[in-house]
Amino acid sequence: MAEENLEELEALEAASDEDAQKGKYMTFQIGEECYGIAISYVNEIINNIPAIAAVPEVDDYIKGLINIRGKIVPVVDVKVRFGQEPFEYTDRTCVIVIDVKSTMVGLIVEKVAEVITVDEKEIIPPPSLNQTSNGKEKYVFGLVRVGEDVKLLLNPERLIGDEALD
Amino acid sequence: MAEDFNMENMLDIFLYESSQLLESLENTVLEKKDEDCFDEPAIDEIFRAMHTIKGSSAIMMYENITKVSHKLEDIFYYIRESHPDNVPHLELVEHVLDVSDFITGELDKIRDGGDPDGDESGIVEELDEFLTQIKSGIEKAGEELPPENKYEEPSQFYIAPAGGGSVKYYKASIYFREDTEMSNIRAYTSVYALKEIVDDMEYMPDDIISNENSADTIIEDGFHMLIKCKHSREEIIDAIGDTSGMERVEVNECSQKEFEMGFHEPDQEPIVIELDDKEKEKKEEKKIKTEPVPGDYVVKGKETGKGKKLAKNQSKSGPKQSYISVNIEKMDSLMDMIGELVIAEAVVLQNPDLKVPGLDLTNFQKAASQLSKITTELQDVIMSMRMMPLTNTFQKMNRIVFDVSRKLGKDIGLDVIGENTEVDKNIIEHISDPLMHLIRNSVDHGIESKEERIAAGKNPRGKITLQAKNEGGKVYVIVKDDGKGLNKHVIYEKAKKNGLVGDRPITDFTDKEIYQFITYPGFSTKEQVTEYSGRGVGMDVVVKNIQAIGGKLEIDSIEGAGSEMTLKIPLTLAIINGIVMLVGNSTFVIETNAIKEFVRFSKEMLVREPGGEEYMMLRGECYPFIRLNQRFHLAPPETAEGGDGEEGIVVVLEHEDEFICVYIDELIGEQEIVVKPIPSYIKKVQGLSGCTQLGDGSIALILDIAGLISGNERR
Chain C
1 MAEENLEELE
11 ALEAASDEDA
21 QKGKYMTFQI
31 GEECYGIAIS
41 YVNEIINNIP
51 AIAAVPEVDD
61 YIKGLINIRG
71 KIVPVVDVKV
81 RFGQEPFEYT
91 DRTCVIVIDV
101 KSTMVGLIVE
111 KVAEVITVDE
121 KEIIPPPSLN
131 QTSNGKEKYV
141 FGLVRVGEDV
151 KLLLNPERLI
161 GDEALD
Chain G
1 MAEDFNMENM
11 LDIFLYESSQ
21 LLESLENTVL
31 EKKDEDCFDE
41 PAIDEIFRAM
51 HTIKGSSAIM
61 MYENITKVSH
71 KLEDIFYYIR
81 ESHPDNVPHL
91 ELVEHVLDVS
101 DFITGELDKI
111 RDGGDPDGDE
121 SGIVEELDEF
131 LTQIKSGIEK
141 AGEELPPENK
151 YEEPSQFYIA
161 PAGGGSVKYY
171 KASIYFREDT
181 EMSNIRAYTS
191 VYALKEIVDD
201 MEYMPDDIIS
211 NENSADTIIE
221 DGFHMLIKCK
231 HSREEIIDAI
241 GDTSGMERVE
251 VNECSQKEFE
261 MGFHEPDQEP
271 IVIELDDKEK
281 EKKEEKKIKT
291 EPVPGDYVVK
301 GKETGKGKKL
311 AKNQSKSGPK
321 QSYISVNIEK
331 MDSLMDMIGE
341 LVIAEAVVLQ
351 NPDLKVPGLD
361 LTNFQKAASQ
371 LSKITTELQD
381 VIMSMRMMPL
391 TNTFQKMNRI
401 VFDVSRKLGK
411 DIGLDVIGEN
421 TEVDKNIIEH
431 ISDPLMHLIR
441 NSVDHGIESK
451 EERIAAGKNP
461 RGKITLQAKN
471 EGGKVYVIVK
481 DDGKGLNKHV
491 IYEKAKKNGL
501 VGDRPITDFT
511 DKEIYQFITY
521 PGFSTKEQVT
531 EYSGRGVGMD
541 VVVKNIQAIG
551 GKLEIDSIEG
561 AGSEMTLKIP
571 LTLAIINGIV
581 MLVGNSTFVI
591 ETNAIKEFVR
601 FSKEMLVREP
611 GGEEYMMLRG
621 ECYPFIRLNQ
631 RFHLAPPETA
641 EGGDGEEGIV
651 VVLEHEDEFI
661 CVYIDELIGE
671 QEIVVKPIPS
681 YIKKVQGLSG
691 CTQLGDGSIA
701 LILDIAGLIS
711 GNERR
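Keeping their order, the protein sequence lines are chains C and G. Here the first sequence stands for residues 1 to 166, where the numbers follow this note's numbering. Here the second sequence stands for residues 1 to 715, where the numbers follow this note's numbering.
It cannot be assumed that every hint is accurate.
Unchecked claim - Derived contacts from chain C toward chain G, CB cut-off under 10 Å, selection only:
hint	residue
1	P50
2	D59
3	L65
4	V76
Keep in mind the hints are simulated off the structure, nothing from the lab. Glycine included, C-beta positions come from ideal geometry on N, C-alpha and C.
Same shape as in the complex, but just chain C (with noise of 0.2 Å):
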């Protein structure tokens, strides 16, 4: 466990180091949360999902194959993920790009919303023990508060990683 607090901690830094990119979230939606996800993280959004080529014999979340510009990626559907239902992939579906230890993924959306500075002193920790969360808690490390909203801050390597390695 300790480990990987340390692990976090490391991401964490290492997204903070790059100045202009500190504290800023790109932000998207899923269902009916908002979830955040450090900047330094993303590569690219592409907007128009494409084509996706299955493979077989994947977890349910691994939605196959896409060819970013000669670059096979594989693409994660985030709500699948979490444990949600699946939903229809429309004009408005979009993939985020990131890039986790030079692992290449692309996550799968309904919706890029905006990029937000976050405080992070504004970050509270979620609380534990969400009977409710699906599971969502395990990928989440913060929350954090943009007018009305909550924002769910998620940390992508657990959010790419292996479920069989926590």
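Position chain G relative to chain C; hints supplied.
Below, chain G alone, put in the same frame as chain C:
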């Protein structure tokens, strides 16, 4: 030309040349290790290699390398000149290998950006002792002189047996202007140029490259050369050229005697007139201090001139091939780009815009076929550029057999067959370690001790055969020994203990299946771990490495007579010919080579077992039958009516003499595809070996036939 001595380039060249030399030296040594002594060409080669390394390491100021190579050079110089017959050959072999290891180690450090800081004194001492030892038979220890001085005299002519033609001797001097910087390097440039035409030469100061102070000496009293060659005075002046900073060049003929005297006689020509007495003394002091050592006369720099001489003197002169060494990264990026080009070509040639009815494409098709031809050739070229013979890898094995067998006190010979077989560079990198492990295993576990061998009525000398051959688009690398072989009962018992076999009796398994157990993790029939096996690399790692490149390990053995390990590896990984096909909504690719035939599916051919397994009857033969969509749990295609797949096609695939029928929905066509790995984020799926990008930019998955077959068997 040589004005800009770029240190970085020089370092690269130094590293490259030195490692090449060491490699060939090691080969020579190992080749001759079983003989009683080195023959002359071998001695020459070792001597030359050491000499070159000594020289270039001195230029690069790597002192420890210089010292070690110098010592070994001394020994070989002695052997070459005095032909002592009491040389303990094996000991000498070990010394050479020690030196080679030491230098290789230091070179590695340099390559990694470090400093060569290894301590050479131990090796130098050993070499000294050895030299004294071989000398003791001939020379008395009364003389205090260091070994170098002993052969100083002959050193001036031994290098170049005077060829035919009228040999002339010259004395040449170059004077530089006082403000010339790095006159030593400039002088060296001339030496370098002269080396092309002279038979032998000597120069003073002789340490122009290693000693920075020599620049001052040269400015003060010029740079002097003694030249022996068949060229005229003008030609020499031409060769010296006109490097900037040169004030004047003097070339005069001299007698042979003067040449042979070298610079050692203080009463040479009065070239030091301008010097006052004090300086003259200084200079003489210097001369004494820098008393030349034998090697310094030999080549004095690069070995080009030397190589030429060699070719003249020795009868064997194979066809000369010229090589350049290319950064592997550049090769890889070229490879990638050609891969992209192939895809781009497909995008253009299969562009949907072309499918408009009524278009006249005659000219387009002509141009397209020309384009295809060129890209195909381009691929062939890049593939052949990446192909390398296994020679180097095999030679490394020679060394391992030698080292390990000597440590274990076994007498083992290694036979190498087909080392010229060419394999993709990437693959070579991957098989080196597994191969090393197999060889070690053979030496350590396979071949019995001498006593056991004699008791078993075998030749006391063990034999390991390392063979490579090309067969059906694959490379076979076979390691065979005539040792004790594998005991299948022991393996079976061990497998049973490890819970690998369940309750099945030994008769349930074929021999090969039993042998395969030794490739399971944590499986070792040898209880004790020796220095050479069990260094954390087990057979399971070997198999993993081989599988990573799409290869396979087969084990065969006859108890008491030896075992045979066969690595079957693909020739290349990067571009394959494949058939693109549709199953459900997914596109798959199968390597064309693996496909035996296509058959239109009909229900009559299908045999269904009560257990649900299906077989296919084809011309009286029965094959296992796989429906890819069921196998991979794919959604049925939207267009299929009834979903029973009456319209489909059966592809008969062959892999290692095993056949399997795969049911697919639709064939799309044949295409050259660039194999890309499935991103590691997605865990390995059995039956898939990679993915590729098709002409329209979509992604297809490449089927792994071996995986399909073994996955089917397991069910």
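With 10 Å as the cut and Cβ atoms as the points, is D59/C at the interface with chain G?
Holds - the Cβ of D59/C comes within 10 Å of chain G, reaching about 8 Å at its closest.
Would the hint on L65/C stand, with a C-beta cut-off of 10 Å toward chain G?
holds, 5 Å
Under the criterion of a CB-CB separation shorter than 10 Å, is V76/C in contact with chain G as hinted?
holds, 9 Å
Have a go at the P50/C hint: is there a Cβ in chain G nearer than 10 Å to its own Cβ?
Result: holds, 8 Å to nearest chain G Cβ.
Checked against the numbered hints above, the structure violates none of them.
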